[in-house]
Amino acid sequence: MSAELIKVTINGTEYEVDKGRRLIDVCHENGYGIPSFCYYGDLEVQASCRMCLVRIDKMPKLQTSCTISCTDGMVVTTTSEEIEKAQRSMGEFLLANHPLDCPVCDRGGECELQEVIFDWGDVEERFAENKNAKAEKYLSPIVANDPQRCIVCKRCTRVCHEWMGEDAIEAGNRGANTVIGTYGGWLNCSQCGNCIEVCPTGTLLDGTYRHETRPWELDQTVSTDPYGSDGMQISIGTRGGKVHRVVARDRYVNGLNGEFLDVKARFAHDFVCSADRVKTPMIRYKKGGKLIPATWDDAIAHVAAKFREFGKNVGVVASPRLSNEAVFTLKRFAQEVVKSDSYAVSDVADQAPFFNNLSAPLCTHKEIRYATTILLVGGEPEEEQSFTAKQIRQAVRNGGAKLIVVNDTPIRLVSSASQFVHINPCSYDAFVAAFIGGDKSAAKKAGIDAKEIDAIRKTIDETEGEFILMVGGELSANAQAALAGTASKFGGENRRALLHPLPRYNNSVGAHDMTAGRKSVEEVAKDARALLIGGSLQNASIIDGKDFVVVQELFLTDTTLRADVVLPAASFAEADGTFTNNSGYVQRVRQALEPLNQAKADWMITSLIAREMGVDFGYNFAATAVFKAIADSVAAYEGLRYPHLKDESRPASAKYEIADRDVADALKALSESAASLPDETEKISETPKIGHKLHRLTTMTSKTPQFHLLANGNPKPDSLFVSPLVQFNLDGTKRESEAAA
Amino acid sequence: MEIKAIGCEPLQLKRMHVKDGHTLKVYQETGGYKSLKKAVGMSQDDIINEVKASSLRGRGGAGFPTGMKWSFVPRQSPKPKYVVCNADESEPGSFKDRYLLERDPHAVIEGMIIAGFALGASTGYIYFRGEYNYLIHIVDAALEEARAAGILGDNILGSGFSMNIHTHTGAGAYICGEETALLSSLEGFRGHPRMKPPFPAVEGLYASPTVVNNVETFTSVPQIIEMGGTVWRDLGTEKSGGTKLWSISGHVKRPGVYELPMGYSDMEKFIMEDCGGMLRDDKKLKAVIPGGSSVYIMNADQILGKNVTLDYEGLVEAGSMLGTGGMMVMDETVDIMESTKNLTEFYRHESCGWCTPCREGTDWLVKVFNRIADGGGRPEDAQLLLDICDNIEGKSFCPLGDAAAWPIQSAIKRFPEDFKKWINKF
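Each protein sequence line maps, in turn, to chains F and L. Terminal number for the first sequence in the working numbering: 755, no gaps in between. Terminal number for the second sequence in the working numbering: 427, no gaps in between.
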């Protein structure tokens, strides 16, 4: 689809642009800085701030460039005395009731209002009346609000509606009294914080960062979200060895997610600098005894000596939260040091069958946004892959895409769907047998009508453009294999079929790539007598009774309870590395802090043990060398080096093998599995509560106190003017007033 | 309260003094629904052409040619089309639509059905301002009568055309008189204006082709169909066809609703003779706001002896606008600073808050006016007010910004003494 090229003259220079492009975008791309507040790419045009006024020949008044589509022969002036007067007057209006409290505002220094006004300089303030005062308050434990700073650009309400589909905030009152408010006076939403991110002023504020520091005092390190598998790019703001905030601001990051983040990526970063971190290596000399702090040298020597005793009986388990470098090194440890094939990844939803049966390429998130039809089988992206969910919502809302949801639960995305195939609980096998294998009796077991499957097929057949098949991580191995293996068959003359996995963890995909030939965690735990575990296990009881367990961890967990040696690992913010996202992008994780206490990067700990046992991995303490070793041994990563991963706007992909697959065996197994399902079961009718997974307290999120209130029902406090953390105990009960004592 | 036609047969005011004129029986006895019968026998294009020929211009204030507006609606549309009657008569000084709805609701309904037939719209809405709540019952009763008589609903008068009309009330927002804000409100959203283009004729209510017309525009339609477009036009002038209702208030002996032919000559005669002259004989005429609060205020020198004709062109020539025809007459006891302050407070209160200049500008203007009124006026205030108005005018999202600026600009220009007096008062 090549658009027609037309000629537009801007300030006397002629440009060739696609017909119908938005004038403000064309001007910005060509270096004409038109100030604007309410305009925000890919959100509905609002045209309310009236800042982006330009003069267009043959038009009677100044025009807002955000509402103008380019037409052939258009002559535009973006700077003139008349325009500057108009724009300055808008600035003057905006500042009229603005408190001008920049010195105490968290946004000061990166505030768009401040920048526009300062760019002109020489600002005369003629507004000498009393300002309309509005008090600061909290909208939730995480979102604070200073309504007086608001310029009513409504970016926040639009992202809430268009990106999140939550409609949690909206403007209230009228005229100069307009304020951004919530329904019921309290924000009961997923707390994604995108409203804070897109706010051009200090009106919506990060409640976890409030009054902590000034933005220009922060070091900004671009890195990758340590929670979800979408690989959202973040900027970690650190100062004095502490992580103060995480943002995705355009000025720092140019990632696939734009300024979008979710509640965990944005706010759950307190774990990095938590006082609960494991500070030194610790050894439990006797089963049942205490963990006693030790030096690194002693701990490594102790571990090496013990592992030597167990020889091949040492098993290795890596967490899918670890970087590619860490997982790869753990696998090498198994293969090269203890010379066993007893290694595993502790993922709850292994998508190996999906990746091993790829018949179509993985899609990018941009392709999701512009897809024509999306078939979502299983999963709950709005709680687990929030950026994928946002792209789906926008594809439907702004792009007119059709979304078909196949799920046993009416997840929230169903409200965006053009078709919802509501299957019986846990009957995905039956659905896939019916949908791919054409097994009619399986459809009955899935609790659906054959017509529903015909309707899906019809929608796909009518699709022109991109068809994306999304496969939930909770699907059985055969179901994943059957879907991934037949996706290519949905392609057609004007239609491309693409696949999108929905893995659970930030590096589920990378951990899979690094550990070809792995066993399951249960197998490894059963076979081995001694274990080296990177991260923690979902179910630690499977290592009960092992002779010797070494855990590389940040915190004391159920797994470290059973450990004989605990080695303090560095968090994602303290080590260089890479994660691989669900589009197959290999993304950099960058060191933002020196490792805290005595922590070391996971790959370094593993290689220290290896070296003590006589095998030098040749890393020479450099993450680049680890990655080079990955590129040399993992086919999908061949040729990649850190410099290739530098530019987040041009991501590097792992190259997966795409081929025609034979899924006959998988389909046969699925039909058998379907046959064993009961005929009659009750369907799940309740839509899960917003945040039921996002707000869950885990080892990592529980270190951010605000998450405790979210997980405990997000109670509305008596006073909105005081932090909810002061008014509630962490369990959500009301705190007794201390003033009385 | 005077309700009468001057210089023409009462057309709009035909049933104002007829007992039970609001009932279907009386409406039909006095010639009602004849036009509809005629219209359903005409082609859609013929109806639109008649309306075009009539030079009927929208009576809501903007004066956009109605026939042209109707012809913008696409003939073929996969979406339903809508006809919306704007009964959000909220312009200060205007009260004509209220009497039409109260005493002649079937004329509105007949006009809407003809419009619906001409445009192929099978649903109509009448959007009342919140304060006109009491009128809804009258109009609902009229709609019910029409439905029972087969004039509204399925297969209207056996023509095969079906249409229904619903009533809807706003919540008392001036901005909802702006057609796109009205549509937002009708859809259940906040009453904010929308971007144009797309114009409502292409993408209006529920993103479907929609025609929004004022009450008086719709009541004109049956007359046009009955007597023919050109005959109706010739009641007025070539560019401003037909007759127009004027709402007169203020310092005249006989305020009320008057029907005048377009091009009525002249304004001085109208105020001084037809409306009975100044309320108090010893007080002189000082100012007139001729077309509802949003137009330029005129001083006596612009009216007396100037032979101002009452039509769109004549009032522009005289330095103001026809607007909705809500004429406010003020004698010399009125302080124009105070009256302008009052209007500005109205615009501040009614600004919807969507765009910067209107939201912040009207707030600022009121604060300056208040300061002046409290004795804190400064020599530079007049210029400041003009500057603020200049920064609002032409830059706001919808015409409300302009409407707030024009009265102030004209007041300062035409009544400088009233402002000087305040600023130098203390």
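Hints are computed from structural coordinates only; laboratory data are not their basis. Warning: the hint list may mix true and false statements.
Unchecked claim - Think about it this way: if two alpha-carbon atoms lie no more than 25 Å apart in a straight line, the pair counts; the simulated DSS-like pairs of lysine-lysine are: (1) K20/L <-> K53/L; (2) K72/F <-> K197/L; (3) K414/L <-> K33/F; (4) K285/L <-> K422/L; (5) K682/F <-> K380/F; (6) K326/F <-> K503/F; (7) K38/L <-> K5/L; (8) K33/F <-> K75/F; (9) K472/F <-> K80/L; (10) K53/L <-> K197/L; (11) K307/L <-> K75/F; (12) K326/F <-> K293/F; (13) K99/F <-> K414/L; (14) K353/F <-> K503/F; (15) K560/F <-> K320/F; (16) K682/F <-> K707/F; (17) K75/F <-> K197/L; (18) K26/L <-> K39/L; (19) K414/L <-> K416/F; (20) K503/F <-> K300/F; (21) K99/F <-> K33/F.
These are the hints, each one checked on the structure:
Using a Cα cut-off of 25 Å, the hinted pair K20/L and K53/L is violated, with the two alpha carbons roughly 33 Å apart. Taken as a hint, the K72/F and K197/L pair is honoured in the structure, with Cα atoms around 18 Å apart against an allowance of 25 Å. Our distance criterion of 25 Å between C-alpha atoms is broken by K414/L and K33/F, whose separation comes to about 45 Å. Between K285/L and K422/L the alpha-carbon distance is near 19 Å, which keeps this suggested pair within the 25 Å criterion.
The straight-line distance between the Cα atoms of K682/F and K380/F is roughly 35 Å, outside the 25 Å bound, and the hint therefore fails. A C-alpha spacing of about 45 Å is found between K326/F and K503/F, which places the hinted pair above 25 Å, so the restraint is violated. Between K38/L and K5/L the alpha-carbon distance is near 28 Å, which puts this suggested pair outside the 25 Å criterion. Distance restraint check for K33/F and K75/F: the Cα-Cα separation of roughly 23 Å lies within the 25 Å cut-off, and the hinted pair is therefore satisfied.
For the suggested pair K472/F and K80/L, the alpha carbons sit about 24 Å apart, so the restraint of at most 25 Å is met. For the hint linking K53/L to K197/L, the alpha-carbon distance of about 23 Å falls within 25 Å, and the restraint holds. Between K307/L and K75/F the CA atoms are separated by roughly 32 Å; this puts the pair beyond 25 Å, and the hint is violated. As the CA atoms of K326/F and K293/F are separated by approximately 30 Å, the hinted pair breaks the 25 Å bound.
For the hint linking K99/F to K414/L, the alpha-carbon distance of about 22 Å falls within 25 Å, and the restraint holds. Straight-line distance between C-alpha atoms of K353/F and K503/F comes to about 42 Å, which puts the hinted pair past the 25 Å bound. With a C-alpha separation of about 13 Å, the suggested pairing of K560/F with K320/F holds against the 25 Å cut-off. Annotation: proposed proximity of K682/F to K707/F is violated, straight-line Cα distance about 34 Å (limit 25 Å).
Between K75/F and K197/L the CA atoms are separated by roughly 14 Å; this keeps the pair inside 25 Å, and the hint holds. Taking the CA atoms of K26/L and K39/L, the gap is near 19 Å; set against the 25 Å cutoff, the hint holds. Taking the CA atoms of K414/L and K416/F, the gap is about 59 Å. The hint is violated against a cut of 25 Å. Restraint check for K503/F and K300/F: the C-alpha separation of about 59 Å exceeds 25 Å, so the hint is violated.
With a CA separation close to 30 Å, the supplied pair K99/F and K33/F exceeds the 25 Å bound.
Hints 1, 3, 5, 6, 7, 11, 12, 14, 16, 19, 20, 21 from the list above are not met by this structure, while the remaining hints are.
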